[in-house]
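Student: Combine both chains into one complex, guided by the hints.
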Amino acid sequence: MSELTSKTAAELAAAISAGEVSAAEVTQAHLDRITAVDDKVKAFLHVDADDALSQARAVDRRRAAGEPLGALAGVPVAVKDLFTTVGAPATCGSKILEGWYPPYESTVTRRLREAGAVLIGKTNMDEFAMGSSTENSGYGPSHNPWDLTKVPGGSSGGSAAAVASYQAPLGLGTDTGGSIRQPAAVCGIVGTKPTYGGSSRYGVVAFASSLDTPGPFGRTVLDTALLHAAMSGHDPMDSTSINAPVPPVVEAARHGDVSGLRIGIVSEFSGDGYQPGVMTRFTEAVELLESLGAKVTEVSCPHFKYALPAYYLIAPSEVSSNLARFDGMRYGLRAGSGSAEEVMAISREAGFGAEVKRRIMLGTHALSSGYYDAYYGKAQQVRTLIIRDFDAAFGHVDVLISPPTPTTAFDIGERADDPMAMYLADLCTIPSNLAGNAAISVPVGLAPENGLPVGLQVMAPPLADDRLYRVAAAVETAFTERRGHPLLTEAKGLS
Amino acid sequence: MTVSYEAALQKYEPVFGLETHVELGTLTKMFCGCVTAFGAEPNSQTCPVCLGLPGSLPVVNERAIEYAIKIGLALNCSIASWCRFARKNYFYPDMPKDFQISQYDEPLCTDGYLDVAIGGKTVRVGIERVHLEEDTGKSLHVGGATGRIQGAEYSLVDYNRAGIPLVEIVTRPVPGSGFLAPEVARAYVTELRDVLRSLNVSDVRMEEGSMRCDVNTSITLIGSGTWGTRTETKNVNSLRSVERAVRSEVARQAEVLDAGDRVIQETRHFHEDTGVTTSGRSKEEAQDYRYFPEPDLVPVAPAVDWVETIRKSLPELPSARRARLIEAWSLSELEFEALRNAGALDAVEATVAAGASPADARKWWLGELARRANDAGLEVAELPITPADVASLAAMVATGKLNDQLARQVIEAVLDGEGTPDEVVAARNLAVVSDDSALTGAIDAAIAANPDVAAKIRDGKVQAAGVLVGAVMRATRGTADAARVKDLILERLA
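Quick mapping for you: the protein sequence lines, in order, are chains A and B. Reminder that position 465 of the first sequence reads as 465 in my numbering, one-by-one numbering, no gaps. To convert a position in the second sequence, counted from 1, into my numbering, add 1000.
I should point out that these hints are in silico values taken from the structure, not numbers from a laboratory. Since we're looking at a predicted model, the values are computed, not measured. Where is the CB? At the ideal position from N, CA and C, for every residue including glycine. Hints may contain errors.
As the list claims (entries may be wrong) - Estimated spans, in silico, between C-beta atoms of each pair:
| id | chain 1 | residue 1 | chain 2 | residue 2 | range |
| --- | --- | --- | --- | --- | --- |
| 1 | A | M420 | B | S1313 | 57 to 63 angstroms |
| 2 | B | K1312 | A | A374 | 56 to 62 angstroms |
| 3 | B | F1179 | A | E341 | 51 to 57 angstroms |
| 4 | B | A1301 | A | E114 | 53 to 59 angstroms |
Unchecked claim - Examples of chain B residues lying across from chain A (beta carbon under 10 angstroms, computed):
| id | residue |
| --- | --- |
| 5 | F1038 |
| 6 | A1040 |
| 7 | C1047 |
| 8 | D1098 |
| 9 | V1157 |
| 10 | D1288 |
| 11 | W1329 |
| 12 | F1336 |
| 13 | L1488 |
The shape of chain B in the complex, shown without the other chains (with noise of 0.2 angstroms):
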């Protein structure tokens, strides 16, 4: 790549847009009744309906209907009182009707919008739609050398996925970010994930594709004006490829402009490995999807009772409950947002519900608990210890029962299954040491035992004092508190 993406920033003004498809959470599909469960044996979930058999028709999913209602509540968007489902043909195998149903010119939810907060400021993400569709099935193609369609020997359907709610949440394009436009656009899926997730609608597991995202970028020169031509780029399966994808891809795009030629309006694939797009099918010689309504259904007319229930029963969203800890917890915004990147948030929250201080319950989530959780490859929620042991930890180390140091141990001992923190320091006697008289043998063979630091501590070399503080530390197990050790130790040189 010849232009980078600094390079192009300087002369082009990146606009963005996302198309995002998410996989709901119901039990069933979308229209039929077959499980939605991840991961069981190939074409064992399927149905004449979700099979596209003659003769069977498609019934719509309540549940669905409900999930995706919450999804437009909560991102701000007006419910239609009236919408229709739409086929949209074309032919491929893993659509086992040859056409899909979803939505095309009257969709469930309009006109809404997400704020996304990066860097301590907000951006507001216009939400063009969201409507309901149901996934096809995924194709597997045998015997090439890349897995796709060309040069395949052969390829298998796995029909599981076929029939599982979709929505499809699509944003306005998104001008005027500048240089941070990759970062707003990863901050925005990332929000609309944090999202969904608060709203209990879908898993948003971008690796297993219950998330995934299709990228559109566009670049015109700055102060044109003028919208430039955009391309659509699929398979951005990660938040961190959601950045990349725009970054390089307006740095192609600018690329082809500085050469003298035009963009042209096209579907790009993502490649995770190399971080650049190629170029897929043209949209301009695109097909027709042929859109109309679904003769098999009946309209969507959700009741405005049924809508305003929803409406109520909508958990609290995460940009309230960011507004609510910063205020509580006395946070910075990149304070909270190391929180919530950290996945630690739910966790903090139940630790200062069972009785930490805010600050405690952040030292042991992002400290010692998301190294652990790090080493073991874990998400920290996953640890197993609960908010209420952090909270008893926390409580000892503020009455000084214990010291960090001890309760690292007891965090260790807890992880290992030996039981809750209070049963950890009891089963394993414990305790700081507080009584000087029981510290006055260990010293003492420290002192003896490390003559030549004695006596560099006697010269005035204070310092040297953490030679025999360890040695001390290593001999009462941990049960001392350092700090004492060590004025005790100054106290005997002196």
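Chain A extracted, bound-state conformation (with noise of 0.2 angstroms):
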């Protein structure tokens, strides 16, 4: 690992934009980590080169301009493999869209190139977001930094392994159930799921319309916190985008406090099948928060229990319409022939992997006539309920906290043949997807019986996304000053 490398996103564009070091430097340093590291790591489906550099020396040549240099100036950032971008595939982790080069570049990946940031790759996924550990990626499994035998979480693993193992210092994700924060946790490393229409949708291959959330990971507070308020904001081509300022999550991360915050604590989620060095850290964690000022209660959202049923109703249903339009009619694969029908369907066995196959025809079934109001209708009720958990809970405490996922990082293979344990992953992340809200995880330390990174997660209402940076913040100095250094300079896997 080079100085640059270990340096975090604020330090590199403070330097860039002070000429102390260039762009071209930076990214070449990264580009150096990734043909380090990466074929162990396996964060990244796709990186060119001299297109990153290319990027990177436009930034510097706007500095020798004089002109005005944006926030992340010169900053690589490694980008979840369903952004669309303009010179870059977008296989979204499958078969079916190998080799699709998308024409049209998304209002997230536009507005970080405008704030000066060069993408650098774009990173390994579940197939269309579908998964908690990237194994269900058409391209294989990405691997965690901290133990190349242990998952990355998902379904953004690979821009959470690809932050997590230096070779950039940001990270773009989605979250649709919690495949930013999962990953985030089981990678020691900050991801945040904005509330929902904070970050556009648009040029974001869909999974679940009415869930999908673009995120930032980092590996600090900071700078997750740089990222998230630089990719967010209205966007006219995203209807369900909201037109409201975005929150001022920058000046909250540099502000951590939590001096007469009320926190309550999700009683659901805990218990049986959550890891103990998990709850270890959790409890250290809540000690922690009221050590520093904080008030912390305990509160009950008793339909949280029911979130996970109403998610696997309401995200296969959206799936099944959504990744209709993956025929082979016009882009990515085709294969057979004969008949139109016949050519879509042969393509589409083809082209999907199984867990793909297998939430396309749960939401086929729940969607269909006779059996919607049973299942689609229903689950969306729930939605409302878990709505109405979370207004009475912000009533009285102003951010909810959790475990952001019941484990730690688990073996490649471990659960690969057992969907449900793999849909436990995400118990925790997926209200805040349901109800529309912002959550974090921050990292909170390992657990002691495997030495694996262990978050938090904090989870604030919808568009108050700064509350989640100054807890955050809090949590990371005061962690960090107990240990005397960053928790991820331990992560052991790639030494």
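Tutor: Structure follows, in structure tokens:
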């Protein structure tokens, strides 16, 4: 690891803006790191060094010309492979989109380019973001930088692993049921699911439209906030985008403070199925927050126990429709011959992996005539009850906390044949997706039994994303002081 | 066909209903900024959104909502204060997303009606709903004998049409028209077309597909009080075809029932050439569209103020105009329908406004001008003559400056681009010759040239005078008043 790759995004942007280092040098250092470690981590599906360097040199030229530089000037960002970016493929981790080069740019990546970021490569993911381990990728799994035999979580596991292994200081993910927070937790980094509608979905290949939320990864709370701020904001191209100012997340990340803050522990998220080390670190975090002046109480959200089943009706229903377009007619894989119907069927059979097919079938059934009310309709009612649970809780606490996921990173292959076990990884994260509010995972230490990272989930009401960063920054500062160094420096997988 | 329509009607009561798709005349598509112009190079008016590329998202065209509300108000519907789009899921290559964004159980407009005048009476057709959706692309099947997908070697798809806003206007079933059912169906579509045209929300050209009808037809034994099984006939793309499709489907269903079989609920295709329908896919084994609310769009909630503003901006609708003109011009229903069917309403009204009497305006537009339009294969409104021209012509005839024959010459000259009627009259020095002395020479010459005719007239065969009148008119190049010429000839030969 070079001196440059160990720097934070905030440090890099400052150094580049000050002319202490060029964006090209920074990008080259990260490309070298990718060359050195990614054959082990397998975070990236696509890296175009020439393109990355040319983006970096453009930043250097702007600096040389005295033009104003953006907040992320010259900072490399790893991009989950479901964002459309002009000039690079977007496979979504699926064989059915192998070789597809989108002809248009997603709003989020366009904003990042405008902020001076260097899109350094496209990262691995569970196929169409369905999974919690990246094992469902059509291009093989990614590996956890803490222990290469473990999964990096998912579905945004490639971006999380890239950031955790210093291949990029920042990463883009999407969170539909926990796909940013869970990989952040098991990779020992920070990851945020912004308020639904706070970041544009235009150019983000859809998994479940009413749940998908693009969001940031970083190694520090401040870096994560910088990316959060740069990628967010109203987008007229996305009807579900919220027309409101971006919450002051960077300001909050610079001023971590929980004194007087009312924090609620979700009482439903503990007990059977929660790994002891996860609960140890969670309890420790609660004590820390109290010691910092927060008022911590327990809050019951009685309908959260129905969140997982409701999610597995709503998300697959939307999947069954969103993924219909992959039919071999216009782009991506085309297999077989004969009538249009035959080609469509054979292409879909050949191109989709098992988990995607499972969810398409689930959703097709849930929406079908005669079952709609009992499945999709009922799940939407549950969704309303979960929103009410949140509303009631936020009536007397400022944020809610829980473990982000019940366990630390599990072995590659361990849950591959057990979808239910895999689905449980998102037990604690799904309610925020169903409600559309904001949530973050911030590292709080290592599980004593296996030395793997554990995170803390903080949840806030819609458009109160800044509260997440206030809490996360306070936790990060206190724990780093206690340890004397950032948690991630203890990662052993690549040493 | 062994059962005729007439025979079928002895025994069965027909019920029909119509689902009419209308392409709205917005400049851009329903959910993206692509232009909607007809006839462009295939696939030149597309973008990631209307091509349904992965990651693209729809954004509602507010103008399309406004147009649909206009239509709903003109059809006396209630406008929903809150409604949603829904996805209709099915696989087809010309549908880029393999689902269509449409509306399902929450349409924008509901519960209206349209009064249709036919043969002097009025039939009220109930409107169940008016909803918005996006059009599909257009498939071209190449290499087969029929142009249909069956047997084609390959198919090409043009996505220019994909995403063009459509409204679907669905009637309630219309019973009770009896023998007139096919004509009522046609009259409904005609009236609907006129309403849409007056609203200026669509060019409603059935031949270009901007207005397309599906006709639902069923029959039931007269007096049974039950409904028969309906069929849905697609591809009915002219007013005449609407009428023929109902007629042929009633006869076909009567034949099926008479044979002791049951009518199958199915989609049928209308064939313009033969006027009959053939079976398409059966609805009984039809796909499940798995409708659910479109999660990429937020609900549509038109503000009450906005709807009222739109209501106030509605133009005079055809039914109101009809009542007004029948009253103002003292027309019968049939005279009005003749005027409307000739497409001459606007022209006549403008001509009256320019000073002509309603009778004169109708006479010229339905007579000489309709004939010339027909010869030229044009609509009367497309003729290169203005209502003001026709009014000025009518005035010259009324004051005796021109007679009808001269007026027809002036029309011809105006249509040939020689200028306004005043300019033509001046340039050609046309005017009725009212000075008898100026005619004397011509009359004498005509008598001298036709001694046998003159003899007959002297013998009392007055009708023979036409030959001499014609000769005088030819000699004066039509400038004479024919009635006066006849009088003068009879005086001379008395």
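Student: Does each hint hold? Answer for all of them.
Tutor: Comparing the hints with the structure gives:
no.: 1; hint: M420/A x S1313/B: 57 to 63 angstroms; verdict: holds (58 angstroms)
no.: 2; hint: K1312/B x A374/A: 56 to 62 angstroms; verdict: violated (46 angstroms)
no.: 3; hint: F1179/B x E341/A: 51 to 57 angstroms; verdict: violated (43 angstroms)
no.: 4; hint: A1301/B x E114/A: 53 to 59 angstroms; verdict: violated (33 angstroms)
no.: 5; hint: F1038; verdict: violated (23 angstroms)
no.: 6; hint: A1040; verdict: violated (19 angstroms)
no.: 7; hint: C1047; verdict: holds (8 angstroms)
no.: 8; hint: D1098; verdict: holds (4 angstroms)
no.: 9; hint: V1157; verdict: holds (8 angstroms)
no.: 10; hint: D1288; verdict: holds (5 angstroms)
no.: 11; hint: W1329; verdict: violated (50 angstroms)
no.: 12; hint: F1336; verdict: violated (47 angstroms)
no.: 13; hint: L1488; verdict: violated (82 angstroms)
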